[in-house]
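> Protein sequence lines correspond, in order, to chains S and G. Residue numbering for the first sequence follows our numbering, beginning at 190 and increasing consecutively. Residue numbering for the second sequence follows our numbering, beginning at 11 and increasing consecutively.
Because the hints were derived from the structure by calculation, they are not lab data. There's no promise every hint is true.
[What the hints assert, rightly or not] Derived list of chain S stretches under chain G, where covered just means 3 residues or more per stretch with a C-beta under 8 Å from a C-beta of chain G:
(1) 237 to 251
(2) 270 to 284
[Claimed, not checked] Straight-line distance between alpha carbons at most 25 Å, and here's what the computed BS3-like set of lysine-lysine pairs gives:
(3) S:323 with G:548
(4) G:421 with S:320
(5) S:220 with G:398
(6) S:320 with G:398
(7) G:421 with G:548
Since the model is a prediction, treat every value here as computed from it, not as a measurement. A virtual CB, placed ideally from N, CA and C, is assigned to each residue, including glycine.
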Amino acid sequence: MASTELDAVPIEVFLVEDNPGDVRLMQEAFKDAKVHINLHVASDGVEAMAFLTRQREHADAPRPDLILLDLNLPKKDGREVLMDVKRSPALMSIPVVILTTSELDADVLQSYECHANCYITKPLDLEGFLKVVKSIDGFWMSVVKFPLKARP
Amino acid sequence: METVEKQVSLALAAIGAVTLLVVGLAYREAHHTTDSVTWLLHSHEVLAALDGVLEDMTDAQFHARRSIATGDRLESSAYVSSQAQIRQRLDRLLPLTSDNPRQQARLRALERLNTNRLRFEDSAISMSRKTGPEVALQFLRSDAALGAIQAMRQAIAEMSAEENALLRRRQSEYESSRRKTPVILLFLGTSVLILLVSAYYILERDLWSRILAHDALRQSADELRDLYDNAPCGYLSLDSSGALLRINATLAAWLGYSREEVLQIREARPFLTSESVQKLDAAFAGFKEHGRIEELGLDMVRKTGSVMPILLTADAIRDSSGRYVSCRGTVFDITGRKESEDRLLKTVRDLKRSNDELQQFAYVASHDLQEPLRMVASYTQLLAQRYKGRLDSDADEFMAYAVDGSNRMQKLIQDLLAYSRVGKTGIPLREISSEHALTEALGHLRATIAESCAVVTHDELPAVTTNKTHLTQVFQNLVGNAIKYHGADAPCVHISAVKNGANQWVFSVRDNGLGIDPQYFERIFVLFQRLHGPKEFKGTGIGLAICKKIMEQLGGKIWVESQLGEGSTFCFALPEREGNSGID
Numbered sequence: 190m191a192s193t194e195l196d197a198v199p200i201e202v203f204l205v206e207d208n209p210g211d212v213r214l215m216q217e218a219f220k221d222a223k224v225h226i227n228l229h230v231a232s233d234g235v236e237a238m239a240f241l242t243r244q245r246e247h248a249d250a251p252r253p254d255l256i257l258l259d260l261n262l263p264k265k266d267g268r269e270v271l272m273d274v275k276r277s278p279a280l281m282s283i284p285v286v287i288l289t290t291s292e293l294d295a296d297v298l299q300s301y302e303c304h305a306n307c308y309i310t311k312p313l314d315l316e317g318f319l320k321v322v323k324s325i326d327g328f329w330m331s332v333v334k335f336p337l338k339a340r341p
Numbered sequence: 011m012e013t014v015e016k017q018v019s020l021a022l023a024a025i026g027a028v029t030l031l032v033v034g035l036a037y038r039e040a041h042h043t044t045d046s047v048t049w050l051l052h053s054h055e056v057l058a059a060l061d062g063v064l065e066d067m068t069d070a071q072f073h074a075r076r077s078i079a080t081g082d083r084l085e086s087s088a089y090v091s092s093q094a095q096i097r098q099r100l101d102r103l104l105p106l107t108s109d110n111p112r113q114q115a116r117l118r119a120l121e122r123l124n125t126n127r128l129r130f131e132d133s134a135i136s137m138s139r140k141t142g143p144e145v146a147l148q149f150l151r152s153d154a155a156l157g158a159i160q161a162m163r164q165a166i167a168e169m170s171a172e173e174n175a176l177l178r179r180r181q182s183e184y185e186s187s188r189r190k191t192p193v194i195l196l197f198l199g200t201s202v203l204i205l206l207v208s209a210y211y212i213l214e215r216d217l218w219s220r221i222l223a224h225d226a227l228r229q230s231a232d233e234l235r236d237l238y239d240n241a242p243c244g245y246l247s248l249d250s251s252g253a254l255l256r257i258n259a260t261l262a263a264w265l266g267y268s269r270e271e272v273l274q275i276r277e278a279r280p281f282l283t284s285e286s287v288q289k290l291d292a293a294f295a296g297f298k299e300h301g302r303i304e305e306l307g308l309d310m311v312r313k314t315g316s317v318m319p320i321l322l323t324a325d326a327i328r329d330s331s332g333r334y335v336s337c338r339g340t341v342f343d344i345t346g347r348k349e350s351e352d353r354l355l356k357t358v359r360d361l362k363r364s365n366d367e368l369q370q371f372a373y374v375a376s377h378d379l380q381e382p383l384r385m386v387a388s389y390t391q392l393l394a395q396r397y398k399g400r401l402d403s404d405a406d407e408f409m410a411y412a413v414d415g416s417n418r419m420q421k422l423i424q425d426l427l428a429y430s431r432v433g434k435t436g437i438p439l440r441e442i443s444s445e446h447a448l449t450e451a452l453g454h455l456r457a458t459i460a461e462s463c464a465v466v467t468h469d470e471l472p473a474v475t476t477n478k479t480h481l482t483q484v485f486q487n488l489v490g491n492a493i494k495y496h497g498a499d500a501p502c503v504h505i506s507a508v509k510n511g512a513n514q515w516v517f518s519v520r521d522n523g524l525g526i527d528p529q530y531f532e533r534i535f536v537l538f539q540r541l542h543g544p545k546e547f548k549g550t551g552i553g554l555a556i557c558k559k560i561m562e563q564l565g566g567k568i569w570v571e572s573q574l575g576e577g578s579t580f581c582f583a584l585p586e587r588e589g590n591s592g593i594d
């Protein structure tokens, strides 16, 4: 895939993360990204679903190309968000990357069973974290071809 | 017993026989004595009669001469009466001598001689009337007349001699019998006495032994009854229909009834709770066949209504033909046992809960601490990365300390998390290659090994039934330590495994490092215990504690053999196990 073709079109990334520290780190990490990324953030599961289904103030929200989802979220758990997304015909084609601190085997298994596209444990140190974001950038933003946007 | 009875019968028979003998002998002796006396009197009579004949003969001779000489009629009649008396005496002698034919013969001769003598005297008297007294007296003095008298005297003397001899013989016989009889009687009497004494002795001995045996029997019966009644367990007997036959005092006391009350109720069921009755009926269904109930847990209802937990063990009693006759049961009071069991169970439950809570707490705490710490570490690192050299040197130093501190804390929390994870229950056990586990551990340590130029070697390692993750962790910690605490030389680590006497695999991780003072052998396995400061060797003091916890979890054992400066050998033994099982 030639990344140059996509340079003009920004990629919509939807980050569901309750920890503002992580959100900020993510923003910092994406600063060095090769592609133009529009990062949208929701801090709990309910807000995430409102954004994805364009309810309330999110009526004009774009359809994300990639969802980065934390599992432990307030109000509505990340696992439920994942299930809702993968059950919804409109949303199921959006790739979901689980990005969490949980290393539990059960969480990993359950996520894949709910059709998560990939599962990443947040590294504890900055270097590791930047490396992971860089990998996401390199793989999901540059290598992977997304389905055509069915925008209304 | 039979011999005693035989002995006694024999003795009684002997006593009877001897007594009969004594009676017979006494009778015979009495008879004999009477006889002897009769015969003695008889002889005296004969002798007296003979003496009388002699006297009468002299009288007759005297009166005959006087009659002849005087012609007195009185003398004549005296003469006649003397002669008649002689005749009478001779007649009397006839029956007296009838026992003795020789004396009878002599008596007959005497009678003839008397007749002869009488003729001479009668002739002389009639002669005196015819020829006068002179001639007559002359005739009486004639040799023939005197000879006749002499002959008679002679014959009487012979008879008397014979009778005297007879008398003497009879007297001596009588005397000897009188001397002999008391001796015999005394002997027989003594015999009877001896027999009586022996019979008494036999009876007495037998009686005593019977009395003693009876006493011993009674004593042992008393002892058995005491044991039965005051046993620390209850006893009961049921007949073939299930009715109560007997119970001991202990059981009655437990029930709170008198023994008579219990036996009047007759049935065992009223003394049990309804669940226990069902249990008992179920257990007794096959009892007559298999003959035993072992430690059946039941609840007994006391008179007061309170419930007492018991264990019932019952045995079927059969007769010689194998027919079920009765049932004998033993009842144990398990109130104390049950209480302590309940207490123990509660303690175990409480402990498990508190342990689970603690484990959960450790896990949650270390996990949740990690989150904010990740922020601290990430942002101090970001700060250091972006602003190093752009502020003053103090700021650089402070940032370095902050980064180092957050790094160490992260390591500590990670290790704590690993430690708390070991406690999780239900780890799966499989047969795995311990060599693979080691290889995996060495893979994790690749960078460390390369950095320290360590040489890690191992023997061929066995397949063991255990948890691979745990075994890998133990290898990683032990080999990691062996490399970390090295001496002046480059670290050399060797891993081997041998089977011990208990059929367990004992793994050894031997190094050429610093060694450990034996006084710290226990301490090094305790959580957070370290022998070095963070400047000498980095570490959290959790690695060996994790190894120990894993070994405890697997049912194994871990220990160290070392001398300061001589290197250390860490050993752990894995228990022998079947594959594909899990432990809680």
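> Run every hint past the structure and note whether it holds.
Evaluated hints:
Coverage of the segment 237 to 251 of chain S by chain G is violated in this model, with 0 residues showing a Cβ closer than 8 Å to a Cβ of that chain against a need of three. Interface restraint, the segment 270 to 284 of chain S with chain G: violated (0 residues with C-beta to C-beta distance below 8 Å; minimum three). At roughly 31 Å between alpha-carbon atoms, residue 323 of chain S and residue 548 of chain G are farther apart than 25 Å, so this suggested pair is violated. The suggested pairing of residue 421 of chain G with residue 320 of chain S holds, with an alpha-carbon distance near 20 Å, which does not exceed 25 Å.
The suggested pairing of residue 220 of chain S with residue 398 of chain G holds, with an alpha-carbon distance near 20 Å, which does not exceed 25 Å. Between residue 320 of chain S and residue 398 of chain G, the direct Cα distance comes to roughly 20 Å. Compliance with the 25 Å bound is thereby established for this hinted pair. Of the pairs offered as hints, the one joining residue 421 of chain G and residue 548 of chain G holds, with about 10 Å between alpha carbons and a cut-off of 25 Å not exceeded.
Hint compliance for this structure: hints 1, 2 and 3 are broken, all remaining hints hold.
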